[in-house]
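A.B. asks: So you can see what is in the structure, the chains are spelled out below.
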Amino acid sequence: MKSTVAATRPLARVVAHGRRWVGREAVVGPALVLPAFLYVGLLVGFPFLYAIYLSLTDATTGNPYGAFVGLQNYVEIVQDRVFRQALRNTFVFTITAQVAVIVLANVLARALHATQRGRGVVLFLVLLPWVAPVSLATIGWLWILHARFSIVDWMLRQVGLLPPHANMFWLGRPDLAMASVIVVHVWRMLPFATVVLLAGLSSLPRDLLDQALVDGAGFWRRLAHVQLPLLLPILVVAVLFGTIFTFTDMAVVYVLTRGGPFESTQVLSSLAFFKGIVGGNLSVGASISLFLFPVLFVTAVLMLRLARRAEVA
Amino acid sequence: MRTQTAAPDVRARWGDGHGRPVHTGRRWRPLVRAAGRWSVLGAFAVFTALPFAWMLITAFKRNSDLYNPAHNPFWFNEPPTLEHLRYVFHNTMYAHWIANTAMVGVAVVILTLLLALPAGYSLSRFLGAWGGRLGISIFLVYLVPPTLLFIPLARVVSELGLQNTVWALIVVYPTITVPFATWLLMGFFKSIPRELEEQALVDGYSRLGAFLRVTLPLAVPGIVAVMIFSFTISAQEFVYALTFVTSTARKTVSVGVPADMVRGDIFDWGPLMASAFLASVPVAVLYYFVLDKFVSGFTTAGAIR
Chain A
1 MKSTVAATRP LARVVAHGRR WVGREAVVGP ALVLPAFLYV GLLVGFPFLY AIYLSLTDAT
61 TGNPYGAFVG LQNYVEIVQD RVFRQALRNT FVFTITAQVA VIVLANVLAR ALHATQRGRG
121 VVLFLVLLPW VAPVSLATIG WLWILHARFS IVDWMLRQVG LLPPHANMFW LGRPDLAMAS
181 VIVVHVWRML PFATVVLLAG LSSLPRDLLD QALVDGAGFW RRLAHVQLPL LLPILVVAVL
241 FGTIFTFTDM AVVYVLTRGG PFESTQVLSS LAFFKGIVGG NLSVGASISL FLFPVLFVTA
301 VLMLRLARRA EVA
Chain B
1 MRTQTAAPDV RARWGDGHGR PVHTGRRWRP LVRAAGRWSV LGAFAVFTAL PFAWMLITAF
61 KRNSDLYNPA HNPFWFNEPP TLEHLRYVFH NTMYAHWIAN TAMVGVAVVI LTLLLALPAG
121 YSLSRFLGAW GGRLGISIFL VYLVPPTLLF IPLARVVSEL GLQNTVWALI VVYPTITVPF
181 ATWLLMGFFK SIPRELEEQA LVDGYSRLGA FLRVTLPLAV PGIVAVMIFS FTISAQEFVY
241 ALTFVTSTAR KTVSVGVPAD MVRGDIFDWG PLMASAFLAS VPVAVLYYFV LDKFVSGFTT
301 AGAIR
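Chains as they are written, first to last, in the numbering used here: chain A, 1 to 313; chain B, 1 to 305.
For the record, the hints were derived by calculation from the structure and aren't laboratory data. Glycine residues also receive a C-beta, built at the ideal position from the N, C-alpha and C atoms. Treat the hints with care, since some could be wrong.
[As the list claims (entries may be wrong)] Covered stretches of chain B (chain A as the covering partner; in silico rule of three or more C-beta atoms under 8 angstroms from a C-beta of chain A):
id : stretch
1  : 48-55
2  : 226-240
[To be verified] Derived, one-sided and incomplete: chain A residues facing chain B with beta-carbon distance under 8 angstroms:
id : residue
3  : Val28
4  : Leu54
5  : Leu56
6  : Val69
7  : Ser135
8  : Leu176
9  : Leu190
10 : Ala251
11 : Pro261
12 : Phe262
13 : Ile277
14 : Gly280
15 : Phe297
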């Protein structure tokens, strides 16, 4: 009997069955998450694996599949003088810029934190390097550092630090070009570190600070023994993200110097672009950009450990 | 607490009650401190805003004024001109680049919402402890930089037949926006009490009905933030746009201006600065409004509570 009833109304049964399934959270939950994870997983995971595969072949734009060559690309690039320069530059730029950013962001965040009136306007001006498109903002620097019409040179001439009609050629000399790239990186990352620190400062427990004040701790003591330890986790967040953004950035170098003069400002990402996309050497380009991965990986692991420690606490 | 710290200032200003100031030096201390603070802020603001100020001035300066080394660059030694703006809109592809940027931005916003809204909601409601874990794992994808993937993605894009079209960007940008949007929306949905939805279920709404009628309206600020965020990220992106699109007319503004505004080796600084300024300020203003949400997304990802 039962089966005949079911057989006569199969559609109703399927619908009822389906509705019960759809109502179940164990099904709905993953079903709603799946599209986003699939989309991102496919378009990030697959290219990543493909990058590894490309780096083991001799593929070029003209011959996109290439032949398997093992680790030959890696062996060749680590022996390449330009690559080693780019690797060194990437670390020098990232570390120098991050140290400067942390020091400056601390000063700036403190000044902003203590300010009530007019804070919105200053905050907007200070945030501009971060909220404006990086390539367009960097063109502003290209013009500021122009070989002949640099306004920095003009100001130096006005105060007598540069003889009349002389120029510094900021982007034309290796040492000054490196300094310029670092300054622009600092300029670009300063707002991000500042707002992260500002968020940290405003979340500091006031009673602890007041207690230190009542106990007669001076400015430096309060800074070293109360504020910095409390700010440390958020400082680490700012440094980790800042490191990733600077380490992998290509826009600043591309717009300012294209890696020149004489490869003195070349970084891994720009070198990968020039070899892999401009030069069409896909395999070598992919191998070079894969050198970014270890630093990313270590940073991500540090982030996760930090997250877990905060969860336990 | 505030009154306690304010007390010495008050005494310094009004004296100790016997007609004498408590400490003559103290009277000026708050003023000196404020002056010091404002000079610090001023110096930083000049540093951060300098390129934009110089863009703005350049955009309206005559070439004869601009390229005269004897002239003060910060001053209009000759009357300002609209010539550069006219040039930008009549003699370059600038209007195309703006239109392309807007189109990519809107499409990316739609795709991002379609993918991230259900995901963020589900992560916050259905998946328990796994929700948090999956949430942080997709957030970490946000940190995968374009410069790691642009070479293999260029191959993927060309296999899909999207090479040199804005569609390449529309397809690829959600890999940047969806992770962050999912993370943000998850946090937003978490802050909306479950009980509100359960009440709607008791009132006879379906799960979907409860979501649409109760939860979604409360999540509007988060959704708006995600829309602005996705739009500005698409407008800012440089590496993929530089790699995938080669025809001048199909470029977005962040690549068109630095790559195609230059004729041969000649930099036309007036039009260049005018176009850079015009495009960057609206993006900056939009982004500025959601920046606090962006930052709180980062700080919660570092799990600082």
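A.B. asks: Each of the hints needs a verdict: does it hold here or not?
C.D. replies: Hint check:
Evaluation of the coverage hint for the stretch 48-55 of chain B: fulfilled, as 7 residues show C-beta separations to chain A shorter than 8 angstroms, against a requirement of three. Coverage of a stretch by a chain is defined here by at least three residues with a beta carbon nearer than 8 angstroms to that chain's beta carbons; for the stretch 226-240 of chain B and chain A the count is 5, and the condition holds. Interface hint status for Val28 of chain A: upheld, as the beta-carbon distance to the closest one in chain B is roughly 6 angstroms, under 8 angstroms. Hint status for Leu54 of chain A relative to chain B: holds, with the closest Cβ pair at about 6 angstroms, below 8 angstroms.
Interface hint at Leu56 of chain A: violated, since its Cβ lies 13 angstroms from the closest Cβ of chain B, which is beyond the 8 angstroms cut-off. With a cut of 8 angstroms, the hint placing Val69 of chain A at the interface with chain B is violated, because the nearest CB-to-CB distance is about 16 angstroms. Taking 8 angstroms as the C-beta cut-off, the interface hint given for Ser135 of chain A holds, the closest approach to chain B being about 4 angstroms. A cut of 8 angstroms between beta carbons decides the hint on Leu176 of chain A: the least distance to chain B is about 18 angstroms, and the hint is violated.
With a least beta-carbon distance of about 7 angstroms to chain B, the hint placing Leu190 of chain A at the interface is held under the 8 angstroms criterion. At its closest, the beta carbon of Ala251 of chain A sits 4 angstroms from a beta carbon of chain B; the interface hint therefore holds under the 8 angstroms criterion. Among the interface hints, the one on Pro261 of chain A is violated; its C-beta lies about 16 angstroms from the nearest C-beta in chain B, farther than the 8 angstroms criterion. At a threshold of 8 angstroms, the smallest CB-CB gap from Phe262 of chain A to chain B is about 19 angstroms, leaving the interface hint violated.
Residue-level restraint check for Ile277 of chain A holds (minimum Cβ-Cβ distance to chain B is 5 angstroms; threshold 8 angstroms). The beta carbon of Gly280 of chain A comes no nearer than 10 angstroms to any beta carbon in chain B, farther than 8 angstroms, and the hint placing it at the interface is violated. A distance limit of 8 angstroms between C-beta atoms decides the matter here; for Phe297 of chain A the minimum to chain B is near 10 angstroms, and the interface restraint is violated.
Taken one by one, the earlier hints fail for this structure at numbers 5, 6, 8, 11, 12, 14, 15, listed in ascending order.
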